[in-house]
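Take the two lone chains, each set in its own frame, and fit them into one complex as the hints suggest.
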Amino acid sequence: MKHLDEYRDEKLANALVARLKATATKPWVLMEVCGGQTHTLVRYGIDGLLPAGMEMIHGPGCPVCVTPLETIDKAIALAGMKGVILASYGDMLRVPGSETDLLRAKARGADVRVVYSPLDALKLARENPGREVVFFGIGFETTAPPNAAAVWQAARQGVMNFSLLASHVLVPPALRALLGAEGNRVQGLIAPGHVCAIVGLADYHAIAREFHLPIVVGGFEPVDLLEAIVMLADQLEQGRAEVENQYTRSVRVDGNALAQAMLADVLTVCDRKWRGLGEIPRSGLKVSAKYAAWDAELKFGLTDRPVEEPKECISALILQGRKKPPECAAFGVRCTPERPLGAPMVSSEGACAAYYQYRRFEAERELVEIGR
Amino acid sequence: MCLAIPGKLLAKSEVGGLLRGRVEFGGIVREACLDFLPEAEVGDYVLVHVGFAITRIDEEEATRTLAYLAELGALQEELGEAASRPEMGDETAAMIPVEAGHEAS
Chain A
10 MKHLDEYRDE KLANALVARL KATATKPWVL MEVCGGQTHT LVRYGIDGLL
60 PAGMEMIHGP GCPVCVTPLE TIDKAIALAG MKGVILASYG DMLRVPGSET
110 DLLRAKARGA DVRVVYSPLD ALKLARENPG REVVFFGIGF ETTAPPNAAA
160 VWQAARQGVM NFSLLASHVL VPPALRALLG AEGNRVQGLI APGHVCAIVG
210 LADYHAIARE FHLPIVVGGF EPVDLLEAIV MLADQLEQGR AEVENQYTRS
260 VRVDGNALAQ AMLADVLTVC DRKWRGLGEI PRSGLKVSAK YAAWDAELKF
310 GLTDRPVEEP KECISALILQ GRKKPPECAA FGVRCTPERP LGAPMVSSEG
360 ACAAYYQYRR FEAERELVEI GR
Chain B
150 MCLAIPGKLL AKSEVGGLLR GRVEFGGIVR EACLDFLPEA EVGDYVLVHV
200 GFAITRIDEE EATRTLAYLA ELGALQEELG EAASRPEMGD ETAAMIPVEA
250 GHEAS
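Going down the list, the sequences are from chains A and B.
Final position of the first sequence in the working numbering is 381; the numbers increase by one with none missing.
Final position of the second sequence in the working numbering is 254; the numbers increase by one with none missing.
Pulled out of the complex, with its shape left as it was, chain B reads as follows (with noise of 0.2 angstroms):
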């Protein structure tokens, strides 16, 4: 019921004092409503929810999160080959760094 698809917001317009928007999603657009998000510009990701955009999706905060996760991965991978050399034992893995990176909000 709380599902929402991100969708690329390709035009803007008001319909009589509604704002109305195209999205894209993966090739296929629909119309939805922008009440709730009028800031959001064409070519803004947005979160669609039974036909309302209700959040935009930040670039930054998903390049972040994404460029962390890639970190993790890159090192687990390094520890992973580490750990299957014979001289590497299996305490190697509780040495990954634990600090989170995330900010509590």
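Excised from the complex, chain A in its bound form (with noise of 0.2 angstroms):
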């Protein structure tokens, strides 16, 4: 497909690495924050083609895996009320909440469905007068503009059967959160580049500026994350911190406006708590009061009911990038992708999901040798 495969060519990347490896005099530790872009380095083995003593680590940019317990639940408990339709993106259904999951739900008799779009759950509350359709909406920046649009279209259309269950997150205050912590190791970041394309780099700017970090906003393709390194490398070789763009192509910098513009119409800047990070103040997004009538929260009086993480689940040092996948004891044996235990294994931007699939075999050699 065009604007992929060429970011995809093996000539290419290893000219890259030769330029890596030429440039990189120190071991940095760089973050990806995407977990789009965790999986392809890990799939790609992009990490194991850096320099020696090079990292990365992987950033806490997965949805999915920050959506707290309580608001898995929340849906769970939504899914289970009378002529409700709850609607989600696949990877949600999966994902443990406190004591099941919606796929479990919808097994018992639950209607939840998978959606790709908004859009999508919206069609089906036309399409279904007498029920309520509550839309599970999570993600970052890039996704609320979507989610919102749904709202915005139902309240310009009179749709007063279907609601927004919203748990969206932003990106900068979980990464002052990262980068403020103390032991943090990051010293140069690839900041998400879809999450840019739709807000700009100004944000990224400011996180420069105040953490005298190097960021670079990278792509989704092998190409780009390595042109992304390389450009980091030669910032941290040189002394600067300064926000550059990798991914032009794709990214303006001042961002997609009318997405903006849709955002701050339907939601606002809450309070919102990350599963693995905690509380992070005004880091999420909810409905805002003039949309009041299609916040699912307050619709159904959904109150949060605080609850306890497995304990065995090390996602929360996942998620700070503070652990691997494979160093946690569970990764692969009580924990696999058909039964979760936390969040990261669960979705397709998991960075526990990303090592089972594409590192399984190598994790497992590496205890028969240190069996041995």
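Treat each hint with caution, since some may be false.
[What the hints assert, rightly or not] These stretches of chain A come out as covered by chain B in the derived footprint (C-beta under 8 angstroms, 3 or more residues):
| no. | segment |
| --- | --- |
| 1 | 108 to 120 |
| 2 | 126 to 137 |
| 3 | 265 to 279 |
| 4 | 304 to 318 |
[Claimed, not checked] Below 30 angstroms or equal to it, Euclidean Cα-Cα: the simulated BS3-like pairs (lysine-lysine) are:
| no. | chain 1 | residue 1 | chain 2 | residue 2 |
| --- | --- | --- | --- | --- |
| 5 | A | Lys-308 | A | Lys-91 |
| 6 | A | Lys-320 | A | Lys-332 |
| 7 | B | Lys-157 | A | Lys-11 |
| 8 | A | Lys-332 | A | Lys-35 |
| 9 | B | Lys-157 | A | Lys-20 |
| 10 | A | Lys-115 | A | Lys-332 |
| 11 | A | Lys-11 | B | Lys-161 |
| 12 | B | Lys-157 | A | Lys-332 |
| 13 | A | Lys-30 | A | Lys-332 |
| 14 | A | Lys-91 | A | Lys-115 |
| 15 | A | Lys-20 | A | Lys-320 |
| 16 | A | Lys-320 | B | Lys-157 |
| 17 | A | Lys-295 | A | Lys-91 |
| 18 | A | Lys-30 | A | Lys-333 |
| 19 | A | Lys-132 | A | Lys-308 |
[Said to hold, decoys possible] Some chain B residues judged to face chain A by a derived CB distance under 7 angstroms, without partners named:
| no. | residue |
| --- | --- |
| 20 | Leu-152 |
| 21 | Ser-162 |
| 22 | Phe-185 |
| 23 | Val-191 |
| 24 | Tyr-194 |
| 25 | Gly-200 |
| 26 | Thr-204 |
| 27 | Glu-210 |
| 28 | Leu-215 |
| 29 | Ala-216 |
| 30 | Leu-221 |
Rather than coming from a laboratory, the hints here were simulated on the basis of the structure.
Treat the numbers as computed from the prediction; the structure is a model and nothing was measured.
Ideal Cβ placement from N, Cα and C applies to all residues, glycine included.
Right, here's the structure in full:
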């Protein structure tokens, strides 16, 4: 496919690796924020091509993974209500709540539907006027405007049996929490390209200044990521801490103004609990008062019931980039995508799922070698 | 979740005040909402995320990036060959120019 295949070219990738090896003189530690980028790195073995000592830490950019247990419990409770159709993106269905997950709730008779777009959920509402359709909307700044647009259209078309259970999160507050935490090792950051395609680069300029941190907005293909890593190594070697854009074909400096306006109209900033990271002030988005009639939390009077995370799951440390999935005793044994203990093993963007999909045999081989 | 796929815009239409487009992804055609990208023209490549076109792929920028990378590739190849000759040592690699070719944004 055009605009994908070119960025999977082995020759270009090799050239970038050689360039990186010629550039990097120190064991720089970089973080990629987005789970999509994590999957590319692990899938193509890019982390293994880095010069000795250089390391990629995987960031918290997996919205499924950071959705708190309490919110998943709310979705499961909603799905069990009479007359409710609960619609969400496929990844959400297998994420374990405190007792069960949406897929099991569906097996027990709840009407849970997988949709590709929030507009599909809105369509469900129009087609089922006697039912209440709740769209469980998660995601970062990339997904928030489309979800907001579904609410905006519902309001415009007078579709009153549609509502949004919003669990949106914002990247910059989480980054500030991670970068400002004691023991932070991140020296350079690959910023999430599709988030920046919406919001632009202003927030990242501020972060680069605050933490004296080189930031490169990166794409999602192997050549994109290698180029972003080379650009970060250049900055680090030269002592610069700027925001650069590797993904110029898709990211404009100011982002997408129409998407930003939609987001600002329908959603409003709120404090949000992140699974694994805890409560972060002003790090989430909820439905604004103007659209209260389409806010599932208000419509169904949902309240938070704090619950404990499963003890064996180290997803908190994974999401903070402090541990890698194979370091978890349950990885691939008591925790698999079929029977996950935590969300990072479920989501197509979760770090544990990436290692399970592409690296689990390596982990097994190492275990066998240790066993000898 | 932030996965967005590049596709070619085949047709634009307006349905009930909403802008829709037919977008082709490697042979598969799907409908996408163009409300965030009304300036997209038929023939443009757009990135589609959860049914919404979120940005237009800038062909000029894509060409520029690929040309830069191809140049880097050619350079590495030349240096690689040079490095394999006995009279050239490992320090050849350190001679690769450091100018990045990227503007700070």
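Could you grab the alpha-carbon distance between Lys-11 of chain A and Lys-161 of chain B and see if it respects the 30 angstroms cut-off?
holds, 20 angstroms
So if I understand the rule, the pair passes when the alpha-carbon distance is 30 angstroms or less; does Lys-20 of chain A with Lys-320 of chain A pass?
violated, 45 angstroms
For the pair supplied as a hint, Lys-157 of chain B and Lys-11 of chain A, is the alpha-carbon distance within the 30 angstroms limit?
holds, 9 angstroms
Taking only the CA atoms, is the gap from Lys-91 of chain A to Lys-115 of chain A under or equal to 30 angstroms?
holds, 13 angstroms
Ser-162 of chain B as an interface hint toward chain A, with CB separation required under 7 angstroms
violated, 15 angstroms
Leu-152 of chain B as chain A interface residue, shortest Cβ-Cβ below 7 angstroms
Result: holds, 6 angstroms to nearest chain A Cβ.
Taking 7 angstroms as the limit, does the beta-carbon of Ala-216 of chain B come near enough to a beta-carbon in chain A?
violated, 11 angstroms
Do the alpha carbons of Lys-308 of chain A and Lys-91 of chain A lie within 30 angstroms of each other, as the hint requires?
holds, 14 angstroms
Would you check the hint for Lys-157 of chain B and Lys-20 of chain A, treating anything up to 30 angstroms between C-alpha atoms as holding?
Satisfied, since the Cα-Cα distance of roughly 26 angstroms is no more than 30 angstroms.
Go through the hint on Thr-204 of chain B and say holds or violated, using the shortest Cβ distance to chain A against 7 angstroms.
holds, 4 angstroms
Does Lys-157 of chain B lie within 30 angstroms of Lys-320 of chain A when you go C-alpha to C-alpha?
violated, 47 angstroms
How about Val-191 of chain B: closest beta carbon in chain A under 7 angstroms, or not?
violated, 16 angstroms
Taken one by one, the earlier hints fail for this structure at numbers 1, 4, 10, 12, 15, 16, 21, 23, 29, listed in ascending order.
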